Amino acid sequence: MVSAPTLHVVTTEIAVGSFAMAGFAFLVAGLASHGWFGLKRHLQLADHVAHFALAFGLLALPFAIMTGIQSSPGEGLDHPLLINKMLLGSSAFGLAFGVLLARRNHGASIWSSHLGRRWQALGGMGAVGMVLLTASLGGTFARGESLLSWMPVSFDTVPLMPLWFSAGLVLVALVNMGLMRKQSST
Amino acid sequence: MKRFSLTLVVLMLLLAPSLGSANPNGVGSGTFDAQCGGACHGDADMNRSSTATVVVNAPDVAYEGLLTSVSVTVSDIETTTTGLLGFFLLSDLSGASDTPADAGWTIVSNSEGGTENYVEAVIASGQTQHTVHWTLRAPPVGLASLHAAIHHGSQDGSDAPFFGASSGPATIDVREVPEDLPRLAANFEPTVRRNVGESTTMTVATEHVNQVTVEWKVSSGEVNTATVTSVGENTWSFALPASLQPVQIEWRAHLEGEGPDQTTPWFQLQSEEPSWSVDENAAYVQSVAMLLVFMVAFLSLQRRSSAPSKNFDPFDSTEDEEVA
Numbered sequence: 001m002v003s004a005p006t007l008h009v010v011t012t013e014i015a016v017g018s019f020a021m022a023g024f025a026f027l028v029a030g031l032a033s034h035g036w037f038g039l040k041r042h043l044q045l046a047d048h049v050a051h052f053a054l055a056f057g058l059l060a061l062p063f064a065i066m067t068g069i070q071s072s073p074g075e076g077l078d079h080p081l082l083i084n085k086m087l088l089g090s091s092a093f094g095l096a097f098g099v100l101l102a103r104r105n106h107g108a109s110i111w112s113s114h115l116g117r118r119w120q121a122l123g124g125m126g127a128v129g130m131v132l133l134t135a136s137l138g139g140t141f142a143r144g145e146s147l148l149s150w151m152p153v154s155f156d157t158v159p160l161m162p163l164w165f166s167a168g169l170v171l172v173a174l175v176n177m178g179l180m181r182k183q184s185s186t
Numbered sequence: 187m188k189r190f191s192l193t194l195v196v197l198m199l200l201l202a203p204s205l206g207s208a209n210p211n212g213v214g215s216g217t218f219d220a221q222c223g224g225a226c227h228g229d230a231d232m233n234r235s236s237t238a239t240v241v242v243n244a245p246d247v248a249y250e251g252l253l254t255s256v257s258v259t260v261s262d263i264e265t266t267t268t269g270l271l272g273f274f275l276l277s278d279l280s281g282a283s284d285t286p287a288d289a290g291w292t293i294v295s296n297s298e299g300g301t302e303n304y305v306e307a308v309i310a311s312g313q314t315q316h317t318v319h320w321t322l323r324a325p326p327v328g329l330a331s332l333h334a335a336i337h338h339g340s341q342d343g344s345d346a347p348f349f350g351a352s353s354g355p356a357t358i359d360v361r362e363v364p365e366d367l368p369r370l371a372a373n374f375e376p377t378v379r380r381n382v383g384e385s386t387t388m389t390v391a392t393e394h395v396n397q398v399t400v401e402w403k404v405s406s407g408e409v410n411t412a413t414v415t416s417v418g419e420n421t422w423s424f425a426l427p428a429s430l431q432p433v434q435i436e437w438r439a440h441l442e443g444e445g446p447d448q449t450t451p452w453f454q455l456q457s458e459e460p461s462w463s464v465d466e467n468a469a470y471v472q473s474v475a476m477l478l479v480f481m482v483a484f485l486s487l488q489r490r491s492s493a494p495s496k497n498f499d500p501f502d503s504t505e506d507e508e509v510a
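Heads up: the protein sequence lines correspond to chains A and B, in order.
Heads up, the first sequence is in this note's numbering, so the first residue is 1 and it goes up one at a time.
Heads up, the second sequence is in this note's numbering, so the first residue is 187 and it goes up one at a time.
Here chain A stands alone, though its shape is the one from the complex (with noise of 0.2 Å):
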């Protein structure tokens, strides 16, 4: 019987992989984008390579969350560094799930506009950075270093906001995105 925690070495290892090389690719396509390099022919495969393994990875991040939840020891939140890395996990997946609906909603389009191109590589490659940074800290909960343990950034103090101002929050973000679909279809 494969227990939990190596179920989640499995699961973490796809996310991971995936993100790593999307955010290689969102890199690739933000340089491309701009014709720098010589990369201009190769936007077409990076963007598509970039938004695929973003998408996968974004797949693979619920299943990488539930083992880990399996296989933590005690119970519940009981530690400052499993609210930052849940508290980064989500922002990354929000920024990630932006990134891609953007995609969808503009098509390849999104690489002609001058700021557009610029806000989707820097977007991707943000998400990307968070994500790797959330698995970071999984690391340092488990075995106390990581490979980004040199960040001067300190995640022993939770930056947690009193529960009506993020319930105002998540209405201000529901009101923008019903206007932004009502704008969409006029």
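Hints are computed from structural coordinates only; laboratory data are not their basis.
One or more hints might be untrue.
Claimed, not checked - Derived Cβ-Cβ restraints for the label pairs, each shown as a range:
#, chain 1, residue 1, chain 2, residue 2, range
1, A, Val153, B, Arg489, 44 to 54 Å
2, A, Pro159, B, Gly214, 22 to 32 Å
3, A, Gly139, B, Glu419, 25 to 35 Å
4, B, Arg489, A, Gly139, 55 to 65 Å
5, A, Arg104, B, Trp462, 22 to 32 Å
6, A, Leu45, B, Leu192, 26 to 36 Å
7, B, Ser283, A, Leu163, 41 to 51 Å
8, A, Leu101, B, Ser311, 46 to 56 Å
9, A, Arg118, B, Asp465, 49 to 59 Å
10, A, Val10, B, Ser463, 53 to 63 Å
Bear in mind that the values here come from a model prediction, so they are computed numbers and not experimental data.
Ideal placement from N, C-alpha and C gives every residue a C-beta, glycine not left out.
Following the hints, put chain B in place on chain A, whose structure we already have.
Chain B only, in chain A's frame:
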């Protein structure tokens, strides 16, 4: 529909390990029957026999409702991947309704700083013996038995659960309390946990006691004497010093009165780093908020910035000049 079924099958396969395999990271202290009621291991048939030796040590005589000390010593401990070793104190080995409480005992403390019959200890690599102590309030008069059992993993990475039990029970003759026996009050509950850096003032209620002396020690350390003051009729108070790091202090009282002098069992007081807690609802809602805010913010950003340039075909490979 086909896609949904496939997703459902994959989800079930992913969730299955938690239902059917051991918990190599342990389950934490708790009140469990011998087979954990399914909490520790999914199926008792999966258990293999441990080669460790389990022995219960208990006094021959205890007084009804008074405190007594029982220890479980495990020797020839097998090295495991995580080092976790689970100790059970049980009233029988039937696997159901076999906690000490089911036989009328009340656990007051254990040496891991809790009040449960199951505790998990981390065994260092190479360590072959470990002892866990329990302080219990004795059940009604009669012959009482206590068994011990252990659960642990292995080192071969198979995550197979191992089970071991004491070869025989410890039998305790529980007697009625002599009328003038110096003793702790029946409702006395010692403090078993505290935070690092905090000193502890313990108030002890007694019966038929004229004088109390208290000894304390850090586990396996030198025995010290605490100053005891009387704070009322049959009520005594003494202070235990603060600890600078997570450590266990043990203390016991010598009770003198008209009846024969009595010495209580060693009580354990575990000091721990202050526990960390957070409003989980606020954390979950913030998590959802951040997900939505990042997604919507990015979509809004791209909506404003993605007016396509008319002279630029993104996938035209012949156009290789710098465009921004």
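Structure-based check of each hint:
no., hint, verdict
1, A:Val153 to B:Arg489: 44 to 54 Å, "31 Å, violated"
2, A:Pro159 to B:Gly214: 22 to 32 Å, "29 Å, holds"
3, A:Gly139 to B:Glu419: 25 to 35 Å, "59 Å, violated"
4, B:Arg489 to A:Gly139: 55 to 65 Å, "37 Å, violated"
5, A:Arg104 to B:Trp462: 22 to 32 Å, "41 Å, violated"
6, A:Leu45 to B:Leu192: 26 to 36 Å, "29 Å, holds"
7, B:Ser283 to A:Leu163: 41 to 51 Å, "42 Å, holds"
8, A:Leu101 to B:Ser311: 46 to 56 Å, "51 Å, holds"
9, A:Arg118 to B:Asp465: 49 to 59 Å, "38 Å, violated"
10, A:Val10 to B:Ser463: 53 to 63 Å, "32 Å, violated"
Comparing the model with each earlier hint shows violations of hints 1, 3, 4, 5, 9 and 10; every other hint is respected.
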